[in-house]
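Asks: Single-letter residue listing:
Number of protein chains: 2
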Amino acid sequence: MAISSLLLNPIYPPHLPPKPPTRLHKTSKPFTCRNSLPKTTTTNPLLKDPNHKLSWKDELQNAYPNESSALEFDVSDEKFQELVDRRCADNLRMLILDSVQKAKAGHPGMALGMAEIGVFLYRHVLKYNPRNPRWFNRDRFVLSAGHGCLLQYVCLHLAGFQSVQIEDLKRLCKLGSRTPGHPENTVTDGIEVTTGPLGQGVANAVGLALAEAHLAARFNKPDVSVVDHRTYCIMGDGCAMEGISHEAASLAAHWKLNKLTLIYDDNRNTIDGSTDLAFTEDISLQFKALGWNTITVDDNHSNMRSFKSAVLAAYRETERPTFIRVKTRIGKLSKKEGTSKAHHGIFDEDDEKQMKQKVKWDNREPFYVIPMVYREMQVQADHGEELERDWCSKLYYYQSKYPQEAVEFKSLLYNGMLPGWENSLPTWSTSDPLDATRGYSEKCLNQLAKVLPGLIGGSADLASSNKVYLHDYGDFQQPASPGGRNIRYGVREHAMAGISNGIALHGGGLIPFAATFLVFSDYMKNSIRLSALSHAGVIYIMTHDSIGLGEDGPTHQPVEHLVGLRAIPRLLLFRPADGNETSGVYKVAVANRTVPSVIALSRQKVLAHVEGTSADAVARGGYIVSDNSGPNLPEIILIGTGSELCLCEGSASVLRKEGRRVRVVSLVCWRLFDQQPAEYKEEVLPPGVPRRVSVEAGSPIGWREYVGPEGVVLGVEEFGASGAHLDTFKKYGFTEENVTRVAKRLLSQ
Amino acid sequence: MAISSLLLNPIYPPHLPPKPPTRLHKTSKPFTCRNSLPKTTTTNPLLKDPNHKLSWKDELQNAYPNESSALEFDVSDEKFQELVDRRCADNLRMLILDSVQKAKAGHPGMALGMAEIGVFLYRHVLKYNPRNPRWFNRDRFVLSAGHGCLLQYVCLHLAGFQSVQIEDLKRLCKLGSRTPGHPENTVTDGIEVTTGPLGQGVANAVGLALAEAHLAARFNKPDVSVVDHRTYCIMGDGCAMEGISHEAASLAAHWKLNKLTLIYDDNRNTIDGSTDLAFTEDISLQFKALGWNTITVDDNHSNMRSFKSAVLAAYRETERPTFIRVKTRIGKLSKKEGTSKAHHGIFDEDDEKQMKQKVKWDNREPFYVIPMVYREMQVQADHGEELERDWCSKLYYYQSKYPQEAVEFKSLLYNGMLPGWENSLPTWSTSDPLDATRGYSEKCLNQLAKVLPGLIGGSADLASSNKVYLHDYGDFQQPASPGGRNIRYGVREHAMAGISNGIALHGGGLIPFAATFLVFSDYMKNSIRLSALSHAGVIYIMTHDSIGLGEDGPTHQPVEHLVGLRAIPRLLLFRPADGNETSGVYKVAVANRTVPSVIALSRQKVLAHVEGTSADAVARGGYIVSDNSGPNLPEIILIGTGSELCLCEGSASVLRKEGRRVRVVSLVCWRLFDQQPAEYKEEVLPPGVPRRVSVEAGSPIGWREYVGPEGVVLGVEEFGASGAHLDTFKKYGFTEENVTRVAKRLLSQ
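Just so you know, the sequences run in chain order G and P. Quick note: the first sequence, position 375, residue 510 per the numbering used here, numbers continuous. Quick note: the second sequence, position 335, residue 470 per the numbering used here, numbers continuous.
Don't take every hint at face value.
[Said to hold, decoys possible] List time: in silico SDA-like cross-link candidates among lysine to any residue, alpha-carbon distance up to 25 Å: (1) P:476 with G:451; (2) P:740 with G:843; (3) G:866 with P:303; (4) G:866 with P:470; (5) G:816 with G:845; (6) P:391 with P:358; (7) P:423 with G:612; (8) P:816 with G:843; (9) G:356 with G:451; (10) P:470 with G:599; (11) P:237 with G:847; (12) P:816 with G:847; (13) G:239 with P:479; (14) P:816 with G:844; (15) G:740 with P:479; (16) G:305 with P:859; (17) P:722 with P:599; (18) P:443 with P:199; (19) P:476 with G:600; (20) G:722 with G:768; (21) G:476 with G:451; (22) P:816 with G:455; (23) G:305 with G:599; (24) P:391 with P:722; (25) G:578 with P:199; (26) P:423 with G:428; (27) G:879 with P:813.
[Stated by the list, open to error] Distance ranges between label pairs, derived from CB positions: (28) P:555 with G:727: 56 to 64 Å; (29) P:498 with G:599: 31 to 39 Å; (30) G:311 with P:876: 17 to 25 Å; (31) P:876 with G:305: 31 to 39 Å; (32) P:553 with G:489: 21 to 29 Å; (33) G:190 with P:614: 52 to 60 Å.
[Stated by the list, open to error] One-sided excerpt, in silico: chain G residues whose CB lies under 10 Å from chain P: (34) 317; (35) 408; (36) 426; (37) 594; (38) 608; (39) 660; (40) 662.
Since the hints were derived computationally from the structure, they do not count as laboratory data. Only a predicted model underlies this, so the values are computations on that prediction, with no experimental measurement involved. Don't be surprised by glycine CBs; every beta carbon is placed ideally from N, CA and C.
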């Protein structure tokens, strides 16, 4: 019943064949939801209210004297409802105008052009419950053209979301407001994902639709669908040009995400001018070639019937996602209409005045809302509440008939983690054979898959190299395993990360991981940043994490990537040294559901076991691995990460044999270490020990903070080189001998 | 005469109508080229050599007894020449096999599958002169599927390039070899660009083709074409999936780069398995939708006639770039043929033996080359030399008939810089109105355009925001200005950077710049890295460089980007504080033709003029802006960059009024400062002054190196926020008052 709302409003006759009613235990109590629901009526109250009708009559006769002269003003009259839609759109535009004029900032152009679409979606199409914006089975709406956020803010306000009040619209782009310059899911309820960087929202939407399809395949039964919602996304010309959209769109068709609808705001203008300047491809044929159902709506402004048909066609699709190309006029109403000048910025006084005149706004106050517009836009709210109630009943039925699946499904809704999951993580002893840290990671991941039903993910065509295949769980959307938990992303790193954000923010308890070589974090950098900004707890598994990868050479050898990722606010970058640290890393990464993690792992086997590493200590970010100083301070501290920690330990052994007091510290995660209390940090790195050496095969930038002014940073300041692992390590000084040499030089000073 | 070589070999009848001879001054001396050319014969020497023919007879009868039984062994016989091609491909495969077996590393699959294409391109299609691999008017060949580099290494060797000897093939992937694991233009002559990260080569190829089209539009005359070459690029499934390829391909069609031919190695395998796993779109229809001429070659292994037709069709195209889809068998010859297992890794002994048997290699030594194969493959060399000589004559004619254009063209060939160009850069005084640094940049760029004929570039649809439009130079490939120097990239940051690398490495003296918001450097990160790795002196102009951009909010506010870019080896990241520093930055950036620069510029006006900044001092990376300490050491040093330098200066004024000795240092480029002699660095930041404050609205990581253990780093550790510039700056402590407060706290300790 994805666009069941179309059935609610009598002007839209039921184009869809009615579904057989789901067999519900009508008398049972509903499955307990996170929010309890007040009782509501299930019928449209406006149908019964003569005053509402009369108020509309006055309003419409004033606004559209010609169109309304022959009108019956019957709520079941299609023409009347179309004029209501239109007046709602007028009001939307006035709020957009008032907001930018007051803010002296913002991007009105797209929002003005898409006002009718916004009204139509929020009034007739989307399933949502403003009183519980996080209701699991709601439709997901993504504004990939995030600069058009005013469209969504105003829609959310009119539709009854508490998160956007008139006061919020008045504070557009003000520090601390709930209406920032681009939509942020962590700031405003009703916003699903954080968008603005173009194309990201398209990938997010594919991720949201993937999550739905995956959960539906796993949990729905022939007699009851507990997962059944749709994903809508609006994108602009900018999104259409970005490669990430193309990657994501290719995957959406490959995965047959038929419940995804992409609405393309084809306004033929970008910031620099007409799209003729740089965008002349046949975009509809593009999407067709990718495998999409493509529909063009020539004019959405004069009436919405063809858009409505397109939405219904999308609803009927059983295989393909749907691409609806809507031709619009950017900056509709303004003097700047149809030009790139309307993209951002405010309107001059004269223009503002004319815009208000055009919609017969007379002398209404800024931020005025026609009372009937609120009522019309909020019918969906009651309907959404009813849908949520139905869904809860379904869940109850599901629980009684499919108790085992229900436990798993419920655990997902509550975060995807069963108590004690971390006990499944393997431990290693020094008698185990040496492995690459990517090998240790593979074992962790496959153990976790058994206890974390939400763990799902894949690689950008490097599953075997990244060692991230979940061996017992099949491939998502392959014929034999529609609910498989391995996602085959192909060579599409950027889309992979954007899709992972969508999966993480879907709210269905999925824990997405995404894997590639560390050097290719470059391709997905902005999406990784957005994981951190939008609180998406994606686990990035990045193997081949240094020049130690060897033969593939400098194009594949990350150097600057560790520090570049460490600098992203909130994100946790881990570089575990061995199996036990890798287990510890997963424990922290999985537990942090609103913070993304990047796990940097070696391609090459670690050179030696390090006694003293600890899974539990990883949570502190840095800790003492070994120390022979007894009650004294050490003479020197060797600090390592990842595959270089064993060089520190090896060097320490040599120095200790020569009578030196040496401490070895693993600094597996800078940010977590930085967050420790000062006493702990001073305990690990005592200020009284100025002789320190850091050993990490990456950029030296940032290490001074830990080694102090007299310490030595062993890092890589150039690009690496193609060669065998040990040759490459030697060339750049990453040998036990060199670490010892540097340490001795320090000790002799 | 792009595939004139097809005419050389008599088996390929002249499908192309002969061109009217260019009117050359036959008696004149040729235009002086960088390399002098030995005399060569203009006819194919093999036509006259009976021994060559006889040797082939033995070789072919042994290798292909059935096919050769009815053969005439006449060099003009088409069937004979096809068998020669085939035998060359066999030899290519044997060298590929021997190389990976010896290296115990490498990616043989693609190289084995594309052997025939390699032979065909290097033997019949490409225009090149191995004795002068950098001859300007050569065809450009890019292997975007860089992991298949063995294909190119072996072709270069057989074709007579000195850069790849048999000894080099034996040292595949060894440290310091000329045959690294992915092709690097800085290591191996004959490699145009550095590839490996998938999709980059496609964008590079578009850049190379753009450079040709641009120069041709500017310099060619109806009677003489001094710029006339083609660009060929091989891409694989991985490249096809990457968004950057899509972006670049869209632009190639938009710009009508008809001399670009993209050969798609459609082997239906990626690392993780069949392309069915993740890649099921209709790629040919894709390229058609983008506006390409698309051709499919069903089988390139049994004979090359359809590939030849495709190449000729591409040659005849006058509007569209050409996409040739070639269906191949990955790992051809091996047991692993046709499977993803052939992608990388060596072959077992049994497989190796069988592969050699299949091509009747008998007991030939590893790395054996049939002598006739060398001779056949090197006919192109003589031909290329002849073409270079012709081109030199054309240049001479051009110089005499179009002396003015010739001066400019010649200056481009010699780096694009006329002496004294730097004097055109503007200077500013404190009486000038305040501007944003992006505003100062606009003036620099437009001045430079007048004196640097090679300066060309554009923005990813933010020309007006980035302020990079060259006002007097039109748009490239727009009807009114085919030779325009503004490039409209659309919203395609990644392709923009990859294309800029191609332009920089074309060798035609162009100086590409590429602009977007600093936060979107994320989208182009890998291409920026490759600029540095491949010595492409691209100038990246990145505006909106901090939280100071204000209302657009955290999705658009760079925080971690400065340090992330600083960590890229070789690259110069600049953050100028005002007009004079901006001029200084351009002076260094333009002069560094083999080092990329990123110029971070403010959206907002700087808050005050800073006396004491210097254009010339920028070259040292850091310098003293002001100091009231006289002969003494300062009590405190305030270090700033960009729009925060004036906060340091403002705070210094306050402190000085209170009797403090304060130094202000601008650290406009870390790397250049780090490269200064120790004395200079200690003069600017004396070890005897432990009280230091750094002020930069970005990640604090790395600043400890400059402020020392007791200093304070004022940075941004969180994501920013939507709000007015001054509100946002205040929230994060970037006010004169806060700098003063922090400084006083330090001074009181």
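Asks: How about residue 662 (chain G): closest beta carbon in chain P under 10 Å, or not?
Replies: Interface hint status for residue 662 (chain G): holds (9 Å vs cutoff 10 Å).
Asks: Holds or violated: are the alpha carbons of residue 740 (chain P) and residue 843 (chain G) at most 25 Å from each other?
Replies: 37 Å, violated
Asks: Holds or violated: residue 866 (chain G) and residue 470 (chain P), Cα atoms, limit 25 Å.
Replies: Violated - the C-alpha atoms of residue 470 (chain P) and residue 866 (chain G) are around 37 Å apart, more than 25 Å.
Asks: Is the straight-line distance between the alpha-carbon of residue 578 (chain G) and that of residue 199 (chain P) 25 Å or less?
Replies: 51 Å, violated
Asks: For the pair supplied as a hint, residue 470 (chain P) and residue 599 (chain G), is the alpha-carbon distance within the 25 Å limit?
Replies: With a Cα-Cα distance of about 20 Å, the restraint between residue 470 (chain P) and residue 599 (chain G) holds, given a limit of 25 Å.
Asks: Does the Cβ-Cβ separation between residue 311 (chain G) and residue 876 (chain P) fall within 17 to 25 Å?
Replies: 23 Å, holds
Asks: For the pair we were handed, residue 239 (chain G) and residue 479 (chain P), check the Cα-Cα distance against 25 Å.
Replies: Violated, because 57 Å separates the two Cα atoms, which is more than 25 Å.
Asks: For the pair we were handed, residue 391 (chain P) and residue 358 (chain P), check the Cα-Cα distance against 25 Å.
Replies: Judged against 25 Å, a Cα distance of about 22 Å means the pair holds.
Asks: Is residue 423 (chain P) within 25 Å of residue 612 (chain G), Cα to Cα?
Replies: The hint is violated at about 28 Å.
Asks: Are the Cα positions of residue 356 (chain G) and residue 451 (chain G) separated by 25 Å at most?
Replies: 20 Å, holds
Asks: Can the restraint linking residue 305 (chain G) and residue 859 (chain P) be considered satisfied, given a maximum Cα separation of 25 Å?
Replies: 14 Å, holds
Asks: Against the 25 Å threshold, does the CA-CA distance of residue 722 (chain P) and residue 599 (chain P) hold or violate the hint?
Replies: Given pair residue 722 (chain P), residue 599 (chain P) holds - Cα atoms ~23 Å apart, limit 25 Å.
Checked against the numbered hints above, the structure violates hints 1, 2, 4, 7, 11, 13, 20, 21, 22, 23, 24, 25, 32 and 38; every other hint is satisfied.
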